[in-house]
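**Q** Residue numbers (the numbering used here), protein chains in the order written: chain A, 1 to 218; chain B, 1001 to 1218; chain C, 2001 to 2232; chain D, 3001 to 3232.
Hints in this document: simulated from the structure, not taken from any laboratory.
Note that the Cβ used here is the ideal one computed from N, Cα and C, for glycine as well.
Looking from chain B toward chain C, a few residues come up when the C-beta cut is under 10 Å (computed):
#1 V1050
#2 L1077
#3 H1096
Each computed DSS-like pair below joins lysine-lysine, with the alpha-carbon atoms no more than 27 Å apart:
#4 D/K3140 with B/K1170
#5 C/K2140 with A/K117
#6 A/K156 with A/K121
#7 A/K124 with A/K169
#8 D/K3069 with B/K1121
#9 C/K2140 with D/K3132
#10 C/K2132 with A/K121
#11 A/K121 with C/K2073
#12 A/K117 with C/K2132
#13 B/K1121 with D/K3072
#14 B/K1156 with D/K3140
#15 C/K2072 with A/K121
#16 A/K124 with C/K2069
#17 B/K1117 with D/K3069
#18 A/K5 with C/K2231
#19 A/K124 with A/K156
#20 D/K3014 with A/K17
#21 C/K2073 with A/K124
#22 D/K3132 with B/K1121
#23 C/K2132 with A/K124
#24 D/K3140 with B/K1117
#25 C/K2232 with A/K5
#26 A/K117 with C/K2072
#27 B/K1124 with D/K3068
#28 C/K2069 with A/K117
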Amino acid sequence: MALSKEQIAQRIAKEVKDGYYVNLGIGIPTLVANFVRDDIEVEFQSENGVLGMGPFPFEGEEDPDLINAGKQTITALPGASFFDSALSFSMIRGQHVDLTILGAMEVAQNGDIANWKIPGKMVKGMGGAMDLVASAENIIVAMMHTNRAGASKLLKQCSLPLTGVQCVKKIVTNLAVLEVRDGAFHLLERAPGVSVEEIKKATEGDLVVPENVPEMTF
Amino acid sequence: MALSKEQIAQRIAKEVKDGYYVNLGIGIPTLVANFVRDDIEVEFQSENGVLGMGPFPFEGEEDPDLINAGKQTITALPGASFFDSALSFSMIRGQHVDLTILGAMEVAQNGDIANWKIPGKMVKGMGGAMDLVASAENIIVAMMHTNRAGASKLLKQCSLPLTGVQCVKKIVTNLAVLEVRDGAFHLLERAPGVSVEEIKKATEGDLVVPENVPEMTF
Amino acid sequence: MINKKVANVTEACKGVADGMTFMLGGFGLSGIPENAIAELVRLNVNDVTCISNNAGVDDFGLGLLLQKKQIKKMISSYVGENAEFERQMLSGELEVELIPQGTLAQRARAAQSGIPAFYTPAGYGTEVAEGKEAREFNGKMHILEHAFEADFAFVKAWKGDTAGNLIFKGSARNFNPNMCGAATITVAEVEELLPVGSLDPNEVHIPGIFVQRIFQGERYEKRIEQRTVRKK
Amino acid sequence: MINKKVANVTEACKGVADGMTFMLGGFGLSGIPENAIAELVRLNVNDVTCISNNAGVDDFGLGLLLQKKQIKKMISSYVGENAEFERQMLSGELEVELIPQGTLAQRARAAQSGIPAFYTPAGYGTEVAEGKEAREFNGKMHILEHAFEADFAFVKAWKGDTAGNLIFKGSARNFNPNMCGAATITVAEVEELLPVGSLDPNEVHIPGIFVQRIFQGERYEKRIEQRTVRKK
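Build the full structure now, drawing on both the sequences and the hints.
**A** The structure is reproduced here in structure tokens:
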């Protein structure tokens, strides 16, 4: 069965290693924090100027001077630091952040990603996404395999305006875990109960399927 | 009579206006701080990371963590701030410092300045001088009119490696105050008791002498 | 110390005029110069260009200027929380230049620093790169970006002194320090304006040299955009 | 929090090797990483390139490495206080690249920031500009300068915590913050190493993400180069 958004986040959490600084995008990526193992040390960076982001505050303890990149009230853990936007993007551009997890509208088999604009329809802006995808060595895209209309989001070529070129390395969807390599999507794992055929059908881009495709574990 | 170094500093102090941020170079420029009027507000910037530099500390109160660009122990006035070298040169390069006063080995009549290197002989380095002269809108050179061998330091063209090009606007020497404009030195004032002839003799570059050359006042 | 204190927001905004370019600190509604924005609305300056990461919400922040159609052009990275903004943009009433957030921060810092231009990888291969010089460094493509030019920067700090020194709080810091000194005139508003000597020089985030005018804001609403909490 | 604490200077310097490039914080003898320098002398690493604003004095700071001829090349802005340095340079034993102080700071900050190159007016028309691209911006000539590349950055802070967060003191701050994260590995030594939670997040000058290893220095001599005083 296809994964829920929480399960996508849970699967991605396995990619978060001890000692990682991690930037989480809005949406499914934000949920990843809930599933990171307790026995490893990870710090979450928020590009608006927080390192060592903690959970949401208890009711009544919200601070308008302490929010995350999604404008949600947050807390800071002991050992946290606050800084300006230029230094924040020094962390990102300078590749000091180890892992970036973000959503996408489309990913192409060469690693291109589009997630900021639907011309004439939705123009919210790229926020920090263009800096993140242009800089991060390690980018995981968290998204549904198909859009609401049922069309594949894993394409031969992106149709929407790009956020970055040839940068996505790994994708975790509700159906599968895929690696982007040598101009194709390589199927690594499938969601429990989801068949390779289903994944093939939902993938417009070139899909390389090895002999054995294990089911995901969490 | 030719001015002492203290008198050069005293004359330059008259150029320091209320509300100025001022960077003082090593040598005669450092002395300028002693002669600035008490009834104006001026802040001294030290390029190693101090704004609001105060006088030397009282004996026994020296702090190795508080020095000026000449590596001398200093104090910080109330309202001072400390910052890193990059931000310090943001102040300089970004033209937030209003006035730069520095020494020179040679100045040319087009405003070129040389003050950091005598090839094969003295190579101390430019320190912050190249940033200062390339950026400051308002540069005053404080120096002796001639070198120890008696040769003029106000030249048609610099013979030493340059620190900056076409940047010097004003020069105060032991003999005169001069403006650098339209490819020539313009004599503005002479030291008390020093004749125009003496200044002409000590100036190798083109010297424009107006009909009346007042004596300096302090 | 050089005194940067002005009596109030009206004095602080002296000289603003139609057609000018303003930089405004803040991320979402956090750390925005509330008092200066209110004054710009009151003064009814028009045809202005605003450089600000976001555009406020419909009824707060820069949304207040948008409602009155005072803004000719916005330079921002994310404008998703503002329906009126989207309407004006899609209808062509409002000119919008969307740029990467890190580029926005760095173009402000470059202006503050006297660095006219720099190379960044952000946006290479996208429409952001159109018309810009692209160049390879260390095997990776970058594009050339320029320092901002603006008439006024309006920033908001937590504490300040009359010499213009500023200290920010939490994530309300964001773009505010980077915009100080990045415009011809920087106007800082603070929650608490203290006499010189009140701040530890080690703790000052922005030295007063980057600030031309400072005043204590009359009141701060500090609206929260997304109140998210957990149960005790 | 991610733990950056190492037991001592020996552990902190693990991996240094002949031929490497080091960045070192400090201005004159103020804010220099005394313990790391002593360890580099003890380890006797040779043929190293040092990026440091100054070269110490004959018997302290980087002067200690110069005495033992461990340094192949110095990249500095001012080296005037060191007779042995001048001797080695004029005799050709030591390679020296003198660069403007602001360019040194900015090349470090660029390396920290993932900015591969930037334009600066400093040095235009001088021998510093030789072989470099020159370009006009806003009617003024600038030259293109590149980010530093280094293997280790050795910095010294006043206080730090085990997550690598740093706070500097007075003018001992200087180049130290700009070099954090500007090399492959940043080693921070502090006078006082505190547990996580001891530092106010608003007062942290350099977040721990820019630091790979942190240790408390055994002792600090903090020598004063020019003791200048006034009478009471």
